[in-house]
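S.K.: Could you build all of it, start to finish, from the sequences and the hints given here?
Listed below, chain by chain, are the residues.
There are 2 protein chains.
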Amino acid sequence: MCAAALCIKKQRMDQHIASVPLEKASRLINHGPTILVSARHGGVQNVMAAAWACALDFAPPKLTVVLDKIAQTRELVEQSSTFVIQVPTVAQLNLTHQVGTRSLFREPDKLVQSGVNLFEIDGYDLPFVAGCSAWLACKLIPEPHNQETYDLFIGEVVGAWADTRVFKEGHWDFEGAGPGWRSLHYIAGGHFYAIGEAFSQGDGP
Amino acid sequence: MCAAALCIKKQRMDQHIASVPLEKASRLINHGPTILVSARHGGVQNVMAAAWACALDFAPPKLTVVLDKIAQTRELVEQSSTFVIQVPTVAQLNLTHQVGTRSLFREPDKLVQSGVNLFEIDGYDLPFVAGCSAWLACKLIPEPHNQETYDLFIGEVVGAWADTRVFKEGHWDFEGAGPGWRSLHYIAGGHFYAIGEAFSQGDGP
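Heads up: the sequence lines are chains A and B, in that order.
58 is the number that the working numbering gives to position 58 of the first sequence; each next residue is one higher, with no gaps.
To get the working numbering, take the position in the second sequence, counting from 1, and add 1000.
It is possible that part of the hints are untrue.
Unchecked claim - Below, in silico cross-link-like pairs of lysine-lysine (DSS-like), each with a Cα-Cα straight-line distance of 30 Å or less:
1. B:Lys1168 - A:Lys24
2. B:Lys1069 - B:Lys1139
3. B:Lys1139 - B:Lys1024
4. A:Lys24 - B:Lys1069
5. A:Lys139 - B:Lys1069
6. A:Lys69 - A:Lys139
7. A:Lys168 - A:Lys69
8. B:Lys1168 - B:Lys1024
9. B:Lys1024 - A:Lys69
10. A:Lys168 - A:Lys139
11. B:Lys1168 - B:Lys1139
12. A:Lys168 - A:Lys24
FYI, nobody ran anything at the bench for these hints, they're computed from the structure.
M.R.: Shown next as structure tokens:
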């Protein structure tokens, strides 16, 4: 017997996933992608989408994420003091929209219905979403005033990984990877943009 | 006689700029663009680039921005308690990189050298950067602990505008505007991505 949310088959880490040095972790979210937040506590795990996440510091790497009071993921973050921020891809557009609109409170099988597969990384008791391009394991830095007043949570990044098919040697390679690997950037009402063309300083007019 | 930073000719608001309802202001930065922060106090004004800015709330709209202690713009924000967050375009790639790497402390003519033109909006004593796609006038919500510990500043958006050639009727139209209008998303080392293709929920696999 198991809670529905835990009945997802646990997968091993994909062979394409490689760790990213912590000093380069901010690069994984520096371009402002919509992200997925996942957390686990007391036999319950959940995943939600969030457009409001942002790097906060380089060393040690920190980030902010806004978690609404109605989100069950927020409860799990507060209870476990750990969470994962991961970067979904264009191939995960509908998954991202589903986990951003369905509620685990109302639908105990939300993750299955949303097509989420979770996997484990040795040494981290956290649910990682398979198929993403990058993952940041975070430890909550408790700031009760920010959390209560602004729904604003601060995490220290304690582990970082990326799929080497789209992030290699410290750099995104959206140009070289297939179009399904591009990051998603949510606007509103189910409308997203994918990240686009690369430019370097000096390319402009 | 005037301070070099104020010797930039003041321009009127462009005819293409229209106000955006405050309840839709978050859409202007929801996709995670790199932004420009500008502020003015005591006859000094400055503009800096920042990748670490993020929406925080819808109503009233709020946002966060990380301002390093070495930035003169931070001093101006702390002194005046107001600032502008604006969304630069691909056409402003080099301007964005220049204001993100030059320092007004070391180069009093930083803005001129960076190609910045400022304009005024009636009712707001703030320096707006011409040529951007969107502007958010912000009032600082003082949070000394966040500012000192994390370099994290919270602003309430009190006015919002966009260029109707790229944001119309509450929606970005990067598809319809020329490629120079796309937002910039900074990674590191002078490397940016432009925002790319539009997708709607339901388009995915």
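S.K.: Can you confirm whether the C-alpha distance between B:Lys1168 and B:Lys1139 stays at or below 30 Å?
M.R.: Holds. B:Lys1168 to B:Lys1139 sits at ~25 Å (cutoff 30 Å).
S.K.: B:Lys1024 and A:Lys69 were given as a pair; does the straight-line alpha-carbon distance stay at or below 30 Å?
M.R.: With a Cα-Cα distance of about 21 Å, the restraint between B:Lys1024 and A:Lys69 holds, given a limit of 30 Å.
S.K.: Taking only the CA atoms, is the gap from B:Lys1168 to A:Lys24 under or equal to 30 Å?
M.R.: Not satisfied, since the Cα-Cα distance of roughly 37 Å exceeds 30 Å.
S.K.: Taken at face value, is the distance from the CA of A:Lys139 to the CA of A:Lys168 at most 30 Å?
M.R.: Judged against 30 Å, a Cα distance of about 25 Å means the pair holds.
S.K.: Can the restraint linking B:Lys1168 and B:Lys1024 be considered satisfied, given a maximum Cα separation of 30 Å?
M.R.: Holds - the C-alpha atoms of B:Lys1024 and B:Lys1168 are around 11 Å apart, at most 30 Å.
S.K.: So if I understand the rule, the pair passes when the alpha-carbon distance is 30 Å or less; does A:Lys24 with B:Lys1069 pass?
M.R.: 21 Å, holds
S.K.: Would the hint linking B:Lys1069 and B:Lys1139 be met if the CA-CA limit is 30 Å?
M.R.: 19 Å, holds
S.K.: Are the Cα positions of A:Lys139 and B:Lys1069 separated by 30 Å at most?
M.R.: 25 Å, holds
S.K.: Are A:Lys69 and A:Lys139 close enough, with their CA atoms no more than 30 Å apart?
M.R.: 19 Å, holds
S.K.: If you draw a straight line from the CA of B:Lys1139 to the CA of B:Lys1024, is it 30 Å or shorter?
M.R.: 17 Å, holds
S.K.: Under the criterion that the straight-line Cα-Cα distance not exceed 30 Å, is the pair A:Lys168, A:Lys24 satisfied?
M.R.: 11 Å, holds
S.K.: Under the criterion that the straight-line Cα-Cα distance not exceed 30 Å, is the pair A:Lys168, A:Lys69 satisfied?
M.R.: Answer violated: A:Lys168 to A:Lys69 is near 36 Å, above 30 Å.
When the structure is compared with the earlier hints, violations turn up for hints 1 and 7 and for no others.
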